[in-house]
Structures are given as structure tokens and as C-alpha cells.
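Engineer: Could you slot chain B onto chain A? The hints should help.
2 protein chains.
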Amino acid sequence: MSIKFKILSIVLVVVSFAFGQQPVDYVNPFIGTSNFGATNPGAIAPRGMASVSPFNVAVQKDAGWLSNPYVKQYNFLTGFTHVNLSGVGCPDLGVILTMPTTGDLKTNHMQYGTTYTDEVSKAGYYSVNLSKYNIKTELTATTRVGVSRYTFPAGESNILLNLGLGLTNEQGATVKVVSNTEIEGMRTVGSFCYNSPEQAYPVYFVAKFSSPADEFGAWKKPYKYNGVEAQWMGYNGKTRLMKGFTREVVGDSIGAYMRYNFKKKTTVEVKIGVSYVSIENARENLEKETANKNFDDVYATTKTAWNKTLSTVEVKGGSADDKTIFYTALYHTQIHPNTLNDYNGDYPEIATGKIGNTKGTRYTVFSLWDTYRNYHPLMSTLYPEQQSNMVNSMLSMYKENGWLPKWELNSTETFTMVGDPAPVVIADTYLRGIRDFNVEEAYAAMVKGATELDNNPLRPGNKEYWKNGYLSVNGGAEGPVSTTEEYNIADFAISQLAKELGKKADYKKFYNQSLSYKKLFDSKLKLLRPKNSDGSWYTPFDPYKGANFEKNVGYIEGNAWQYAFMVPHDIKGLMKLMGGKKQFVSHLDYIFDNNQFDMANEPDIAYPFLYNYSKGDEWKTQKRVQQLINTYFTNTPSGLPGNDDTGTMSAWVVYAMMGIYPVSPATPVYTITTPRFSSVTIHLNTTYYKNKTLIIKRTGNVNGKINSIRLDNKDLKGYFVSHKNLLNGTVLEVRLE
Amino acid sequence: MSIKFKILSIVLVVVSFAFGQQPVDYVNPFIGTSNFGATNPGAIAPRGMASVSPFNVAVQKDAGWLSNPYVKQYNFLTGFTHVNLSGVGCPDLGVILTMPTTGDLKTNHMQYGTTYTDEVSKAGYYSVNLSKYNIKTELTATTRVGVSRYTFPAGESNILLNLGLGLTNEQGATVKVVSNTEIEGMRTVGSFCYNSPEQAYPVYFVAKFSSPADEFGAWKKPYKYNGVEAQWMGYNGKTRLMKGFTREVVGDSIGAYMRYNFKKKTTVEVKIGVSYVSIENARENLEKETANKNFDDVYATTKTAWNKTLSTVEVKGGSADDKTIFYTALYHTQIHPNTLNDYNGDYPEIATGKIGNTKGTRYTVFSLWDTYRNYHPLMSTLYPEQQSNMVNSMLSMYKENGWLPKWELNSTETFTMVGDPAPVVIADTYLRGIRDFNVEEAYAAMVKGATELDNNPLRPGNKEYWKNGYLSVNGGAEGPVSTTEEYNIADFAISQLAKELGKKADYKKFYNQSLSYKKLFDSKLKLLRPKNSDGSWYTPFDPYKGANFEKNVGYIEGNAWQYAFMVPHDIKGLMKLMGGKKQFVSHLDYIFDNNQFDMANEPDIAYPFLYNYSKGDEWKTQKRVQQLINTYFTNTPSGLPGNDDTGTMSAWVVYAMMGIYPVSPATPVYTITTPRFSSVTIHLNTTYYKNKTLIIKRTGNVNGKINSIRLDNKDLKGYFVSHKNLLNGTVLEVRLE
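These protein sequences, in sequence, are chains A and B.
1 is the number of the first residue of the first sequence in our numbering; add one for each residue after it.
1 is the number of the first residue of the second sequence in our numbering; add one for each residue after it.
Next up, chain A with everything else stripped away, as it sits in the complex (with noise of 0.2 Å):
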């Protein structure tokens, strides 16, 4: 060989490493920004509690309901929002906003904001060009500091750190300037759906910024007092700068400033490190995850990390739509849980009140009735340390709080939608073969919350529950119907842990429970049907209200038609009461070729898996997952079908993409269908799993039917198989037509 050719080998190698696509470079995180998809296109690393987010809803958030800092139709920016909920249905967070401005002062955002141009987006990047302003800013993270980077012209310029504007609907804030290149500071905030403002909480932070302000401040907007000191008082109501203040100031409408005249063109960074427990942590979390890096280097570390997590599956074949979609809806789902815990490990329990300190990693953001569905078993397969570590920080829930967390938030309990969904992600990861948690703890907890009569704030109506077997339109409870199936799931689930776990009397009890919605069977109708207290059937009953997020009697965000199948841990009893088969069948397809179906939203996101069930009908489940998917996930700001629900609804398109689908939660079963790619490679954690690699292939046209399934060259009798041989298999072979 001679020396050239060497050189050109090398050149080669580089060239095609350099221009090779990575999975993190197919993910595009404007994919759920329209559409009430509530993601946002700012940078985080991967389960960070920092996020840096565009912020563009200053007109729209107080006309409505709006839950996202970001809305991609929208043009007015005020600013870069540090810490971000993503996919969820509620405001909360969105504070702690920066925003370079060039000229004079100003500190109103209705007249500092701006259109923008040239946004891109990345994994851990966003960049966009402020049109009022002329400055780039550059936008990138680590775990728990936010960095940003704009890049001013040459003159007056300045960089607002506004705590007063916010997603949020708590308000106050306290904000000291430390030096001409620190500010420190808290925001509340909380009350996520309207709920539970007593419980707001402070969100803390050190802002530090690369080159020393030439001049700083801060200014705060008073209340307007309409009594007879107003006419003495020369600020009331209208915002007072404070030039050259470093003391403390507190109130509702206040923020700080760095002012900069710059001679050329200048690039500054600003790092703002977060922490839910005080300003120290915030600071040393700045530092230990940012000193010494650059903007340039915090990027790379973040773009690395996401490339890491995104690697533990491969995709080959599909299209580059395919592809993005795919590994955009990976990263969403590694946005939430995110990390609660500061770098020393501290964080706030939940109820205490106390500062926790943890080794490992305490997850928050636990929006439980969606993710127990799909999100969970779906972190256990490819992620089970995080799964794991998620489950660790619900069980310290437990300890701290009293209960397992229903939707918890930031170490509160937002006690968001219904049923009792921890109990399914617990009993579910541990039938998944992931044990590294105290699950005797874990099943007395589960216990507690599914037989407490009384006080239960789990469970509400819960002794009529267990009386009864259902939940009536006048015991008090929501959605009475939608509850009952949700509480039978989990009591499902807590009889499938006893019976692994040797409790036979509990398994017996749980799953006779889990059956008490045959209860509310109408077989008239053969619909599911809300009760009244005395046993009688509700009327009038229209099994068609409460589509769209309708209110109605009997159901929470859905109609009966919707809440029909939802039993997945007992599809076989329900469709002997529906008459069988051909009759489970035949309500399947008037649910979706009659609008009924719902694909925004998780009560039924598993009903087009469940012609499986159906010796015969298999592919009409091949089909209209492969229609879903065309029809609601597309690589567009609309590409998700609605509320990404913490991840939920990517959870639902990685899996179909993949071919499998954990149709029962706590039934550790996948059942299959067509891949989208040629080939997945699931790259498994082999401290939990026995083999490094899970290959999924599809042979024949995507659009064909499935002719056989083999493992590990096997054939699979019918189109389910558990989840462990699932993983200690090598290759699972999906043949189309």
C-alpha cells in the first residue's frame, strides 16, 4: 500500500464519518410543535431539568388554555424560557427568560419583542436571527444549566433576564444582581392545570455571563394602587428601572439586565444553571457541569450524549422521513421524566418539605395515566437503568409522600386525570425482568393505594369500588366508567406481581377485581356504560358524547366508544360478553371507520393492536398502524397527532415503527406487526439483559401482510411473544407478502 493511498483511506474514513448520518442528526424537534403536539424546539440535553426554549406565546398564553412556550406558527418572540414542560397538556414553567435587545433599554416584552428568521433546531442546538434586533442567538444545554449565545452588531446592546413573563400562571420572583457578570434569583412557580396553587414552588438560579456587563440593573413593575397615595406615588403602576442596584428585589413583575456597548461585532455566552433546591446548587451545578466549557463545548458534549442515548437503536431501510420521525419521537421520549436532583444529589421531597439528597438519579414529571400504557415498558426494553432508576424515585415518593405519585410535578402531586397508574408501570417493570428495586416496598405501597377506602387520594370512591365493582354517576368520583377500567387495570397488575411474588390470596382477590368491569357491560349495547349508585343503567346514555375532549357523564376525555375496549388485560373476557369474535371485530372497525378512534389521546391508543387477538384479522391491524403512522406522525410541526403526553405518543410510534406493541400493560407480551425499517437493532443493557444486540427484520413490502414470524429462525404460532424470550432472542424475523 503505498503512502497515498494511506492518506486517501484516512481522508475517506473522516469524510464518511463527518457526512454520515448519526441517529442524532434525523432528529428534528420541530416535530410536535404545531398541532397541540406542546413540544418545543429548544435545546436540552437528555432528561435534563434545563431546557432552553424559544418563547413565542406572549400574545396567546393568557386568551386560553396554552400549555408550550412554543408555538411554531406563531412569530413573536419575547425571549428564552430555562426551564420547559414538554408534551403535556397544562401550563406550568416556562420562566426564567432571557432576551438580548439591542439600543435603548427596554424591559416591556410587548415592545422588546421580535420576529425572527433562519431557526434551526437540533438535538441539544437551537439558533435563530432576531429581525428587530439583528442578533443570533444560539441556544444549547448540559443536565441542569441552560447556555446560551448571541452574537450582537456593534453598539448599544443589552440582555434581559426577565422573571416576570412566563408560561406559568404562578407569579413572584426574587432577582439580585451579584457582579456585572452574576445575577442570582428565584421565580415561583406551579398551580400546573390551574391545580394545586398552594403548593407553587420556587425554582432557583445563577445566571453567569462571558463578558462584564458595562453597566447592570434591574427593574420591577408595581402593582397599581388606585387609592388616594397614588398621586404620590411616582412609579405606581409603571415599571421603575434601578440602575447599578445589586440588593435584593422581590415581586411579581421584576427581571435584570446586563448592558453592553460594544465596539464590533461581539459574540457573549450566558450559562443559567437551575435548581429546584437554592441558589448554592444552582451555582455549583453551573459550575461543576459548565466551568471552563465553552458554548462550542457544551454543544458537543450534549450532541455526543444524545447520539449515545439515540444509538441504542439503529434503524436501516425506510425513508429519511422514516428516519426522522423515528428517531425524533426516541428523543422525545428522553425530554421526561427528567432529572429532579442537583449535582450533589439534593432535591426537595415531595410532601416533607425537606431537601432529599439521592445517589442516583430522582426522576420528576411523572404523567402516569399516559405513560403506564406504552412509555414504561418501552423504557425497560431499551433503557432499563433509567426505568429503574424511575421506579427507585416513585418508591421514594412513596416514602417521603405517603402514596405513589399519580402525576407528580416537581416533587408535588398534581393529582392530574384518574385511575391508579403507578402500580401498573411497578408490577410491569418487574415482570420485565428489572428488580433492582425493594418490591416487597413496593407492593405494600401499591396495596395501600388500591385498598384504602377511606381518604384515599389515589382512589377516589374507592370503597364503592370494592363494594360494588364500579364506580356510579352519583358516587362522586370522575369519569365513573373510564375509573372503573382504570382501577381494574392496576388491580390487574398488582394481582399479576402477587402471583409472581407468591401471594396467592392477593393474586386471587386483585384479579377477580380487575374483572369487575364486566359489571358495567351493557350487552345491549355492548358498550361499557355508566351505572347509577342503585345498580340501574344512567339515562338517556349517548355512547358518542364526550368525543373531542367533550365533558360528560361516565367518562374522562373520551365516549364509550372510545372506553370500549379499554380491558387489555382481559380482551379475551370481553369479547365473549361482546358474542364473540366476529362481534369484537366488527365494533373494532365501526370504532375506526366511523371516527370514533382517537389517536391523540391514550384510552385507546392500543385498540388498532388488538385484531391480533383475532386468529384471521392480523393484518388489519398491519394496516392501520402502517395508516396511523402515514395519517398523524409525519416530519412536520404537526407530526404528532396532539399532546405528546410526556413521550406517550412517541413511545407509540417508536414501538409500531419497530413492530411491536406491549398491547397489556403488566403482561410482559408484545404483540407484533409490520417494522417500518428493513432492519432494527436494539442495542440491550446487558446488565439487565443477556444478549447485546435484539435485531428486528421485515422482509416483503411494508404495505403487504405478514406471512410469518420467526425467532431466531422459529416460527412464531400466532402474533404474540413475551417479552423475555423476546429479549434473550437474537433476530425476530417479520415475512410480508
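If you are wondering where the hints come from, they were derived from the structure by calculation, not from laboratory data.
Predicted, not measured: the structure shown is a model, and the values here were computed from it.
Just so you know, even glycine gets a beta-carbon here, dropped at the ideal spot from N, CA and C.
Treat the hints with care, since some could be wrong.
[Said to hold, decoys possible] Here are the simulated lysine-lysine pairs, BS3-like style, with alpha carbons at most 27 Å apart: (1) Lys224(B) / Lys238(A); (2) Lys176(A) / Lys308(B); (3) Lys509(B) / Lys224(A).
[Unchecked claim] Here's a subset of chain A near chain B, in silico, CB distances under 10 Å, partners left out: (4) Gly227; (5) Glu229; (6) Met233; (7) Arg240; (8) Leu241; (9) Ala320; (10) Asp321; (11) Tyr689.
Structural biologist: Same frame as chain A, now just chain B:
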């Protein structure tokens, strides 16, 4: 001597000690709590940073200009405030409010407020019975800690810490329940006189409760939001209780509470340490000053401290009321300036935003336009160590701020009133022989303030003043005649110090300038009169306009008559201008006889002593001064002529009752009139003065005329004695007919 007799003697001594009235026993803090005196009857240690005052102005405070937390004739009490101003004309502080209640928890002061009975107020002690609750409340204080003792009846009881309600016009606070015996937080205060709200600053506190609460929590009343979201906000504009909450709460209308259920009548003590630096320092202040001390211990220590301070002057003769008036006035001179620094020496610097540290006392609340006239000369006489610390505090302010103070409040310069009073105070102090400060630095500071012609925050209009010798009505400076007189007084003070320091050229320059008031003397009216900038008289001109604080052209808080003699350094020159002794005395008489004398304000308070400049008319000083004391200074809540002006009115009556008055500041000379008491013993500070005591004796009827004045048995010629001669003397004897 028999044993019996011996025992009897001892008993007699003990009895006489126990029942003997000490100076401290003559203090009646209710004096000045009505008739706009603006003092309060709360508990305070000498020159304390903290004080605890009943707060009974909640209903009235927002209906007008109200500058004190308590007015005697009001009757609706809503708590006890822990930082307060005494005798000032503008609202500020009056925050960190505690309130004991019984029964259900109520946080709205209009609901929990109560009438009260059995008020007792002494130096360092206040008690009251709260009618609605039958709770006895007692208050005392150390320098930096307010201590309360609540005696609750059996049953449910609450201690509220209300951080919303306050006298200041600033809003904003944070609070955090640390445990069932401790609460910490901060409250924003500032915008004294509705000025400089940009400088609003924090006061921090730590509250410790002697009994662990059975329940605790915080509350917050958010502002009312009127947008679409209001329908979803459960607590929109309504107070929300946060039971058991231990995170930081921030807002304008917030508080925290401790709740108890007492089986029997129970006493709880609450200690609140304050600091203008940090929560940590507030906690240290609390611990260093009150750890292991209960209410009784604290009160005993503070009472002893008061008695020691007040015993500097011992009076004999005079009625019990005379003694009460005298010692209460002396007490009122020991409230402001007060301590700003924490126990560890930390204090917020002025203007720099930094935290400084002092070895001596850093004083604050310098109402210098008021106090330069008589208050600081009195402090130099009675408490030279305090006066020295005050001058050093003023010089530290100069070092921090670049300017001497004008009306300094907690390290903010409020720029209240006019003139340039600091040089007068400093020169006067030096000339009275108190010299333990850097006089050259002080001189440089006063010259800077006196001579900077542009952008001089202390002397608006200084350019015109030096150019023309007076400020014109169209020069932009407020009250141009008054302010010209003030600048003259300051320049005279500087000239006297220059002379003492051997700076002959400066002496000449400033002395000449100090007589420039003559340019405003209208020889027709024989009054000072406003001029236009072109030198012509301002017309039409009404010399009566401006009495009773009425706004007018030319004068500040007064009219031409009230300012007619305010050139104390050049009374002889003025006499000449007026046409001699006769015209001078006739003018003086006119003022007193025609209701143009205002005892309630500073410009003319030396006037009753001016008859001493006219040989043969001194009896008029004697007569007028006794009349003024009898009329305006009484042992009643309305026993001050108006605002105490941080002790200036009290200093007037202390001097007047001792029979001496410093008629021209920076001229270390006293003029002499009838002492109220038959003997006044001043225990001199021997660090500064040669003798241990000076006795001022009166013989003859207090309403008689003075026949002769003798110092150490030598007849004085005239009615003046130098500071040096007087304080080097031992007995000043004033003989009346």
C-alpha cells in the same frame, strides 16, 4: 448603734431604692403619639435597629399621608411591627408584623384586627390586652431583636407573621417556615416620602417561637387576574392557605403562621431578629443578643440600659410632669439615629451595593435638615461618644457614596428637604472638641459638597448660588430663599472649621459667602424675599403665604416671617440690616404676637432665644420659652408640637428645660435662659470633657426674671457662654428674681 437600728437602716435603703423614681421611670412613650408627633409607644432599646410597635393605623394609613405605625386615638389594632421610624414626617418601615389571635385562623387584618384596653408603655416595654381575644401582649427589645410575650387563654390560638400589611409604600416579601419554632424571610421597604422607590431595599428577619407549633403554614394572596384564565384560577385574587408548607413563598401579600391548641392559659414568647444584610445575620443577631434570655431577662437588661443612658442628666425640682416631659424628650433623642450594623459589624453600604463592616456603630436615619440645629450639639454635650460615631458614620457614607448625607435612611439617600446640613454637624462637633475623626477628610468632603457647581446632588442650584449669592425663583432649586439661607449656614460652618484648621483663604471665602443672604433682604419689607434670576424682586409677594406647610414660592415649609431670622450665624448683621435693636425686637415680637411663630417646624425654633442678643430684652426669651414649654410640651399623647423630627423637638425641650440653647450651630456657644429645674446635673463623658459633672442651678421663681448668671461663682457678662467654658465649669448658677 443597735442591731435593730442597723436592720431598719438597711430596710429603709432598700425601700427607698425600690420605690425611688429612677430617670427611666419618668419616661412616657405615649408623648408624641398624637398631634402628628409620630412617635410610637412600642418597645425599643437605646438606638435600636429593631423596635416593636403596636400597629393601629391599618384603616387610616392609605387614606392620606400618615407617617407612623400608631396613633393614640385610633383603636383598631392589627399587629406589632418590628422595624419602625419614630417622629418622622413620611411613611416607611412599619413592617414584619406579628399578631396573636385565637380561634379559627384568619389572615386578613380587617377580619382579625381588634380593639384593645389596658395599654402600658415604658422605656423598653409595652403591653396591651386584645379585646377580641383576651390575649395579653407584652413587648420588649434588644438592639436588634424584638421580643414579644403573648398570654393566650386556653383553646385554639394563632400567631400570625403578616408580611403584606405595613406602613411603607413598598411591597414584596419572602417567607419560609423553617420548623415549628422558626420562620425566616425578608420584606422590601423604602420609598420614604414616596421618593426613590428605585432604592427599595430588603430587611431580613428570623423569628423564633418559644413553643413548637401544633400546626404551621404560610399564606399568599395573589393579585386578581382578569383574563380568560381567571375562570380556571381557583384562588384568583383570593388568599390561599398553605398548611404545613416549608418552601419559600414570595409575593406582595404573604405571611406565615404558627397555630396552637392550648389546654390551659399559656404564654408564648416570640423573638424576631432583624438585619439589613441577610437572613444569616438576622439569625446571628437574634442568637447573640437573646439566646438563653427570656422576656423578663431582656426587658431587665434593656430597662437598665435606658436608665443608664437617661441618668446622664439628673434633674431636681420641677413637677413630676416636668420630669416626665424632660426624660421622655431625652428618651426620644436616643431613638434615631439608630444602629444599622449587625452584631458582627456588617451593614449595607450606601450607593455601592456592597456589604461593609464596621468596628464602631454605623448609625442610620440622619434627618439632618432637622437635627443640625440643636440635636447634634446636644449629643455632643451629653453623649459625645455617640456623636463621634455619628460623624464617623457620615464620613463612611462619604467614602462609599462620594457625598456626605442629607437625609440618610438605612443606607439610602432620600434627598428629603433642602440645604447642606452635614458640614454644619461635622464642624459643630469638631468645634465642640469632639475630634476623634479624620477632620481633613471631613473638610474635603464638605468643601466638595459646597463647591461642586454642576450635578451636585446636595446643593441644587449651587452654580447660581456662588455666582449671584442667592438662588432665584427661576433657578430650579426648591424654596430659593430658604435654601440660600441653608447654604449660608453651611458655608458659615465650613468657614469656622477652615479657621480652626488654619485654612485662611477658605475661611474668608466661605465666611463671605455665608453672608450672601443679604442680597435677598428687602429693606422696605425688612424681610428676606425671593428674587428673580435677573436680580429683580419676585412679585406679587405675600410674606404670610407658606405658613402651615402651604406650598409657596421662595420658602420650604414656612413663610417669609418664619425664615426672617434664620441666619443664626449673623444675627448682629441681620439686626443692622433691620435697622437696629429696636426694629429687630419689634420684628421678633411681631412674629410671636401674630401667630407667625411655628413651634412645630425647625426654621424658627431658635427664635425665642434671639431676644438674648438685645440687651435688656432677655426677659422676653425667658418668658417666651416658658410659655412655649407650657403650651407645646405636655405629659399627654399630644405633648409634642408636631413631628418630633427624629428627636429635634425633643432636643429643643431638653435644652430649654436645662436653661441653655446652642443658638447658632458651628458656633460653640450657648445662650442662657431659665432652667426649668432647680438643679440639672450633667454627668460628662470624661473621655471628651475634663470634669465629671456640670451642675446647672436655678434659684428663684421659674417665672421670674433672671437677675444674674454665675459660672463657678463668677458673674457672666451677658447671656452667652462658650461650650468650652461651660463644660470646663462645674456649676452654672442662674438666679431669678
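Engineer: Would you list, in rising numerical order, the hints stated earlier that this structure does not obey?
Structural biologist: 2, 3, 9, 10, 11
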